[in-house]
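A.B. asks: Spelled out, the chains give:
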Amino acid sequence: MFSSVIRKILKNSQNAAKYTAITPHLRNLRGQRTNQNEVDVFRPPDIPTKQNDKETEPVSQKTSTAEVALDFGKREAHVPSFNLAAYVNNSNTLQQFISLGVDLHSIEKRKGLGEFVLKLDFEKNVKPHITFLVDQGISPDDFGRMFTKNPLLFKEDLEDLQTRVEYLKSKRFSDEARQRIFTHNPYWLMFSTRRVDRRLGYFQKEFRLSGHDLRLLATREPNVITYNMEHLRKSVFTLKEEMGFNAKELSALVVRKPRLMMISPDDLVERFSYIHQDMGLSHAQIVQCPELLASREFRLRERHEFLKLLGRAQYDPQKDLYISPKTIVEGNNFYFVRNVAKSDLETFDLFLKTR
Amino acid sequence: MALTKVYDAATVFKHLGGILNVYKPAGMKVNHVRNAILSNICKGLNEMEQREPRKLKEERPLLGTGTAADTVLHNIADQTDLSDHVLSTGPRYLPRDLKCSTVSNLGDHTSGVLLFGINKGTGQSSSIRRNRPVRVYHITGRLGSATESHLPDSRVTMRSNHRHVSADRISGLAASMQASHQRKMFELCGVDLQTQEAYELACRGLLRPADDSQPVVYGIKLIQFERPHFTLEVHAINETQEYLAALVHDMALELRTVAHCSQLRCVRHAHFDVRDSLLRHAWHLPGIIKNLRQQRDILRAHPQLLRQQRVELQATQ
Chain A
1 MFSSVIRKIL KNSQNAAKYT AITPHLRNLR GQRTNQNEVD VFRPPDIPTK
51 QNDKETEPVS QKTSTAEVAL DFGKREAHVP SFNLAAYVNN SNTLQQFISL
101 GVDLHSIEKR KGLGEFVLKL DFEKNVKPHI TFLVDQGISP DDFGRMFTKN
151 PLLFKEDLED LQTRVEYLKS KRFSDEARQR IFTHNPYWLM FSTRRVDRRL
201 GYFQKEFRLS GHDLRLLATR EPNVITYNME HLRKSVFTLK EEMGFNAKEL
251 SALVVRKPRL MMISPDDLVE RFSYIHQDMG LSHAQIVQCP ELLASREFRL
301 RERHEFLKLL GRAQYDPQKD LYISPKTIVE GNNFYFVRNV AKSDLETFDL
351 FLKTR
Chain B
1 MALTKVYDAA TVFKHLGGIL NVYKPAGMKV NHVRNAILSN ICKGLNEMEQ
51 REPRKLKEER PLLGTGTAAD TVLHNIADQT DLSDHVLSTG PRYLPRDLKC
101 STVSNLGDHT SGVLLFGINK GTGQSSSIRR NRPVRVYHIT GRLGSATESH
151 LPDSRVTMRS NHRHVSADRI SGLAASMQAS HQRKMFELCG VDLQTQEAYE
201 LACRGLLRPA DDSQPVVYGI KLIQFERPHF TLEVHAINET QEYLAALVHD
251 MALELRTVAH CSQLRCVRHA HFDVRDSLLR HAWHLPGIIK NLRQQRDILR
301 AHPQLLRQQR VELQATQ
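The listed protein sequences correspond, in order, to chains A and B. Counting from 1, one number per residue, gives the positions in the first sequence under the UniProt record's numbering. Counting from 1, one number per residue, gives the positions in the second sequence under the UniProt record's numbering.
Be aware that one or more of the hints could be misleading.
27 Å max Cα-Cα, derived DSSO-like pairs, lysine-lysine [what the hints assert, rightly or not]:
{"hint": "1", "chain 1": "A", "residue 1": "Lys169", "chain 2": "A", "residue 2": "Lys111"}
{"hint": "2", "chain 1": "A", "residue 1": "Lys149", "chain 2": "A", "residue 2": "Lys119"}
{"hint": "3", "chain 1": "A", "residue 1": "Lys109", "chain 2": "B", "residue 2": "Lys120"}
{"hint": "4", "chain 1": "A", "residue 1": "Lys109", "chain 2": "A", "residue 2": "Lys127"}
{"hint": "5", "chain 1": "A", "residue 1": "Lys127", "chain 2": "A", "residue 2": "Lys111"}
{"hint": "6", "chain 1": "B", "residue 1": "Lys43", "chain 2": "A", "residue 2": "Lys111"}
{"hint": "7", "chain 1": "A", "residue 1": "Lys149", "chain 2": "B", "residue 2": "Lys43"}
{"hint": "8", "chain 1": "A", "residue 1": "Lys353", "chain 2": "B", "residue 2": "Lys290"}
{"hint": "9", "chain 1": "A", "residue 1": "Lys326", "chain 2": "A", "residue 2": "Lys240"}
{"hint": "10", "chain 1": "B", "residue 1": "Lys43", "chain 2": "A", "residue 2": "Lys109"}
{"hint": "11", "chain 1": "A", "residue 1": "Lys124", "chain 2": "A", "residue 2": "Lys109"}
{"hint": "12", "chain 1": "A", "residue 1": "Lys308", "chain 2": "A", "residue 2": "Lys319"}
{"hint": "13", "chain 1": "A", "residue 1": "Lys248", "chain 2": "A", "residue 2": "Lys149"}
{"hint": "14", "chain 1": "A", "residue 1": "Lys155", "chain 2": "A", "residue 2": "Lys205"}
{"hint": "15", "chain 1": "A", "residue 1": "Lys109", "chain 2": "B", "residue 2": "Lys184"}
{"hint": "16", "chain 1": "A", "residue 1": "Lys353", "chain 2": "B", "residue 2": "Lys43"}
{"hint": "17", "chain 1": "A", "residue 1": "Lys308", "chain 2": "A", "residue 2": "Lys342"}
{"hint": "18", "chain 1": "A", "residue 1": "Lys149", "chain 2": "A", "residue 2": "Lys127"}
{"hint": "19", "chain 1": "A", "residue 1": "Lys353", "chain 2": "B", "residue 2": "Lys221"}
{"hint": "20", "chain 1": "A", "residue 1": "Lys171", "chain 2": "A", "residue 2": "Lys111"}
{"hint": "21", "chain 1": "A", "residue 1": "Lys169", "chain 2": "A", "residue 2": "Lys155"}
{"hint": "22", "chain 1": "B", "residue 1": "Lys14", "chain 2": "B", "residue 2": "Lys99"}
{"hint": "23", "chain 1": "A", "residue 1": "Lys257", "chain 2": "A", "residue 2": "Lys169"}
{"hint": "24", "chain 1": "B", "residue 1": "Lys14", "chain 2": "A", "residue 2": "Lys353"}
{"hint": "25", "chain 1": "B", "residue 1": "Lys14", "chain 2": "B", "residue 2": "Lys184"}
{"hint": "26", "chain 1": "A", "residue 1": "Lys342", "chain 2": "A", "residue 2": "Lys319"}
{"hint": "27", "chain 1": "A", "residue 1": "Lys171", "chain 2": "A", "residue 2": "Lys155"}
For the chain A half of the interface with chain B, some residues (derived, Cβ under 10 Å), not all of them [to be verified]:
{"hint": "28", "residue": "Ala85"}
{"hint": "29", "residue": "Leu104"}
{"hint": "30", "residue": "Lys111"}
{"hint": "31", "residue": "Gly112"}
{"hint": "32", "residue": "Leu113"}
{"hint": "33", "residue": "Pro128"}
{"hint": "34", "residue": "Thr347"}
{"hint": "35", "residue": "Lys353"}
Counterexamples of contact, computed for chain B against chain A with all Cβ distances above 12 Å [to be verified]:
{"hint": "36", "residue": "Lys14"}
{"hint": "37", "residue": "Ser39"}
{"hint": "38", "residue": "His85"}
{"hint": "39", "residue": "Cys100"}
{"hint": "40", "residue": "Ser111"}
Source of the hints: derived by calculation from the structure; they are not laboratory data. Where a beta carbon is used, it is the ideal one built from N, C-alpha and C, also for glycine.
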């Protein structure tokens with residue numbers, strides 16, 4: 001809408017002289033837009049009863065502070081603020097969150113979440129969900145990370161959550177698998193059973209996976225199931241059409257390293273072309289060690305070229321002095337230089353400084 | 001000078017400053033290198049011991065409903081200000097808390113020595129920049145094909161034979177180019193090469209340009225020839241990646257063939273050598289601190305890097 005306004009203004013102006021007149025105007029408009037973003041102030045939820053009947057209409061800053069000023073019990077709690085830290089000393093919920101290890105700072109950066117968290121009541125909204133998660137066997141150590149990632153979990157109905165767990169049970173996901181899924185992907189429980197079912201169906205059909213393989217894929221990288229569908233389609237296209245893996249290789253690759261589907265397709269193609277063309281590995285060999293595709297290109301490049309310099313870049317298992325491609329991307333540089341290249345770190349550093 | 005182990009982030013932050021010598025990989029933008037360095041510093045600092053959250057003020061009025069079960073009251077009795085907790089304020093050190101400036105800019109395809117001034121070093125970095133020290137490059141050219149931007153990643157525009165090119169001919173050409181560049185400097189100063197004035201000017205040191213508008217080359221030397229690749233060592237001031245690539249292209253045209261630049265590497269920037277530059281796998285807080293200390297020693301050994309009498313490119317009347 002805003003851009004259409006600019007476009008209209010620009011259309012009206014024909015000559016350069018008019019442009020100069022418009023720029024301050026534009027700047028003004030732009031300033032207004034940024035201001036709107038900035039004045040995204042959290043408003044504390046537990047305003048005393050006096051204000052409850054008014055809460056539907058937006059209360060201006062002045063009146064709220066004036067009225068609250070009389071109630072000096074919780075006066076500080078009603079001053080508008082840009083972050084959650086201002087309310088921590090007065091809010092029981094936020095204090096409980098901190099003791100759970102939830103990073104309020106990263107929550108408040110995301111739009112709307114700060115306000116949502118502020119409106120939660122620990123006893124009413126949070127506790128039942130925590131007991132539910134404990135019942136699912138999730139360790140309390142993971143709570144902080146989970147709630148930091150997805151505080152909206154508290155919005156979901158407990159019965160819905162139970163249904164979603166039952167769905168996974170009916171699909172014969174084991175207890176450990178479910179625990180892993182919920183801790184590694186806090187968004188999973190937000191997805192309705194129908195949606196998760198559709199996603200799992202997509203993977204099963206696309207790669208012709210057996211039930212066991214599908215469960216393995218979902219447990220290994222739970223994030224892939226709830227990832228952006230558009231992106232997933234693009235990377236599957238890249239893997240299948242651009243790189244030319246056939247159906248069987250593709251399913252093996254995806255089950256071994258589901259994370260490949262979450263990497264940006266451009267990077268993936270770049271890595272693949274280096275592995276396939278410069279290192280000379282066949283598709284079958286790449287399927288054998290999908291870690292190669294998951295490692296960044298510069299890492300592959302410097303390690304392969306170092307091996308080539310030493311005359312040890314020999315990836316054919318039929319011949320002598322075979323080096324498994326898997327070991328190239330394993331471990332840190334020290335491990336690689338000592339155990340794979342059988343050289344020392346000074347030589348490697350000198351080599352890196354010649355390129 | 002005894003070294004002690006430090007676990008406290010504030011102490012480290014206080015002493016974090018000076019010139020940093022980083023090995024920039026080819027194909028990475030200077031800004032990416034800068035962001036990576038700064039975020040790694042902050043990551044390192046945030047993993048160290050932090051200060052405790054503040055205490056609340058004593059004479060604070062009691063808040064809350066006043067019932068015994070009120071956790072708010074308990075916390076106030078505790079006197080810790082939870083709003084200052086790391087989880088509510090966010091990490092203590094952010095990349096924007098650090099000041100950082102580059103001494104000179106390297107192009108995307110150039111690798112090698114890249115100097116950063118960090119915190120207190122920003123002043124030093126600008127005085128090094130103002131002194132315009134010489135940079136030394138190793139440039140590898142590839143004979144036989146010319147590309148549009150003279151760099152390897154663009155389209156090939158010409159191909160040609162290079163059997164007639166030998167190491168002698170390249171070094172002969174390099175020497176004559178060096179001589180003509182040197183003569184150009186004196187001519188721009190407005191002095192004849194065969195005069196006493198020119199001699200005195202040359203005695204005062206390297207003749208350097210007054211501003212950064214014009215690239216000046218002081219030496220070109222062939223250091224390796226391995227057909228089709230040849231490597232030149234170029235000493236220059238105010239050069240850019242495009243200028244050096246064009247230099248290789250022009251040299252090849254003089255040799256009746258074509259070439260493009262396959263690798264550009266800055267091996268020395270003033271006294272800062274590639275040997276003590278920091279490689280990508282050492283871009284963490286301990287490595288950075290160690291490197292800052294090394295560069296400080298170099299600066300101490302060569303104070304003229306920061307202050308020196310300047311010989312400038314200007315007409316002497």
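A.B. asks: If a hint holds in the structure, say so; if it doesn't, say that too.
C.D. replies: Here's how the hints hold up against the structure:
| no. | hint | in the structure |
| --- | --- | --- |
| 1 | Lys169/A to Lys111/A | violated, 34 Å |
| 2 | Lys149/A to Lys119/A | holds, 18 Å |
| 3 | Lys109/A to Lys120/B | violated, 31 Å |
| 4 | Lys109/A to Lys127/A | holds, 24 Å |
| 5 | Lys127/A to Lys111/A | holds, 24 Å |
| 6 | Lys43/B to Lys111/A | holds, 25 Å |
| 7 | Lys149/A to Lys43/B | holds, 20 Å |
| 8 | Lys353/A to Lys290/B | holds, 18 Å |
| 9 | Lys326/A to Lys240/A | holds, 22 Å |
| 10 | Lys43/B to Lys109/A | holds, 19 Å |
| 11 | Lys124/A to Lys109/A | holds, 25 Å |
| 12 | Lys308/A to Lys319/A | holds, 16 Å |
| 13 | Lys248/A to Lys149/A | violated, 35 Å |
| 14 | Lys155/A to Lys205/A | violated, 32 Å |
| 15 | Lys109/A to Lys184/B | violated, 58 Å |
| 16 | Lys353/A to Lys43/B | holds, 26 Å |
| 17 | Lys308/A to Lys342/A | holds, 13 Å |
| 18 | Lys149/A to Lys127/A | holds, 18 Å |
| 19 | Lys353/A to Lys221/B | holds, 20 Å |
| 20 | Lys171/A to Lys111/A | violated, 35 Å |
| 21 | Lys169/A to Lys155/A | holds, 23 Å |
| 22 | Lys14/B to Lys99/B | holds, 13 Å |
| 23 | Lys257/A to Lys169/A | holds, 24 Å |
| 24 | Lys14/B to Lys353/A | violated, 31 Å |
| 25 | Lys14/B to Lys184/B | violated, 47 Å |
| 26 | Lys342/A to Lys319/A | holds, 19 Å |
| 27 | Lys171/A to Lys155/A | holds, 25 Å |
| 28 | Ala85 | holds, 4 Å |
| 29 | Leu104 | holds, 5 Å |
| 30 | Lys111 | violated, 17 Å |
| 31 | Gly112 | violated, 18 Å |
| 32 | Leu113 | violated, 14 Å |
| 33 | Pro128 | violated, 19 Å |
| 34 | Thr347 | violated, 13 Å |
| 35 | Lys353 | holds, 5 Å |
| 36 | Lys14 | holds, 24 Å |
| 37 | Ser39 | holds, 15 Å |
| 38 | His85 | violated, 6 Å |
| 39 | Cys100 | holds, 23 Å |
| 40 | Ser111 | violated, 7 Å |
Comparing the model with each numbered hint stated earlier shows that hints 1, 3, 13, 14, 15, 20, 24, 25, 30, 31, 32, 33, 34, 38, 40 do not hold.
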